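The primary structure of each chain is shown beneath.
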Amino acid sequence: MSAVRQALLLIALALVPAIGEAIYFRNRVSWQSPIPASELVTVEQAQSWGDNVIWVDARPAEEFDRDHIPGAISLNEDSWNELLPQFLGQWSPEKRVVVYCSAQSCNASREVAKRLRDEAQLKNVFVLDSGWEGWLKLNR
Amino acid sequence: MVKSFPWRIVALIIGGIFIYAGVIKAMDPVGFANDIDNYKILPWTIGVRLAFYLPWLEILCGLAVILGLLYRGGLLILTALVSIFIAASVISKVRGLDITCGCFGHASKYLSFFGHLLLDLAIFAGLIGLSISNRAQQSQL
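Top to bottom, those sequences are chains A and B.
Just so we're aligned, residue 1 is where the first sequence starts under the working numbering, counting upward by one.
Just so we're aligned, residue 141 is where the second sequence starts under the working numbering, counting upward by one.
In case anyone wonders, no lab produced these hints; they're calculated from the structure.
Accuracy of the hints is not assured; some may be wrong.
Claimed, not checked - Derived lysine-lysine pairs resembling DSS-like cross-links, with alpha carbons at most 30 Å apart:
| # | chain 1 | residue 1 | chain 2 | residue 2 |
| --- | --- | --- | --- | --- |
| 1 | A | K95 | A | K123 |
| 2 | A | K114 | A | K137 |
| 3 | B | K180 | A | K123 |
| 4 | A | K95 | A | K137 |
| 5 | B | K180 | A | K114 |
| 6 | A | K114 | A | K95 |
| 7 | A | K123 | A | K137 |
| 8 | B | K180 | B | K233 |
| 9 | B | K180 | A | K137 |
| 10 | B | K233 | A | K137 |
| 11 | B | K233 | A | K114 |
Nothing here was measured: the structure is a model prediction, and the numbers come from that model.
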């Protein structure tokens, strides 16, 4: 069998477990957008919640130290175990948590938000859609 | 399939790397979908579907290279995949995106861009070496 035919066969074979896994995960994946619209907030939305928001800065510590949203708490994956208790100390059930990283393209805010939901079992955790850059544009 | 001992070892290492990378990503397809999305090359709707498919393709091709079944097809696909990974990583770097490649799931974040690039280039070289040695072996028969 030629290499191309072998490749086509492998491509077809890989579809079988992939489809099986996709069916298994079908209700746990957002197929249309990276973050379900219900978990994404704009800067304006988050600011309209006023004092009812805890801002979580998911960027590396050096970037947080340089500048951050006033009142934000640093919580990044590199120092998760050290920073989480500090965050939980300020958290209360009625507050909404808005996690941000540097820009729209970064991933850290999604990861931190996911861990807060999955590991810390928190509800009302949102991701700031335009990140720190978006907040800067509107506020400085 | 190559029969010479050194190339069998190379095939084992490269096949093993792809099986490992595939299993890690297959265990967390949503995380891998986010990694693909970070490249900002494909729309999410395509990226998330690829995230379910690519890990299994890597696993099957890794097995093909190790076991010698559909060997040349496996090599062809893996070479194409690594070429795409390298191109996408370089393009993203040029565009100023600070991302992890997601090649090894969340373990990827501990590797720098140049670390990834070197690893991908080494794998690419190994795959080309396996293809050449397989072809040389075929022509001797």
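Each hint, compared with the structure:
1. K95(A) to K123(A): Holds: K95(A) and K123(A) sit about 9 Å apart, inside 30 Å.
2. K114(A) to K137(A): Roughly 26 Å between the alpha carbons, so the hint for K114(A) and K137(A) holds.
3. K180(B) to K123(A): holds, 29 Å
4. K95(A) to K137(A): holds, 25 Å
5. K180(B) to K114(A): Measuring from Cα to Cα gives roughly 20 Å; hence the hint holds.
6. K114(A) to K95(A): holds, 17 Å
7. K123(A) to K137(A): holds, 28 Å
8. K180(B) to K233(B): Judged against 30 Å, a Cα distance of about 12 Å means the pair holds.
9. K180(B) to K137(A): Since the Cα atoms of K180(B) and K137(A) sit roughly 22 Å apart, the hinted pair holds (cutoff 30 Å).
10. K233(B) to K137(A): holds, 24 Å
11. K233(B) to K114(A): Holds, at about 26 Å.
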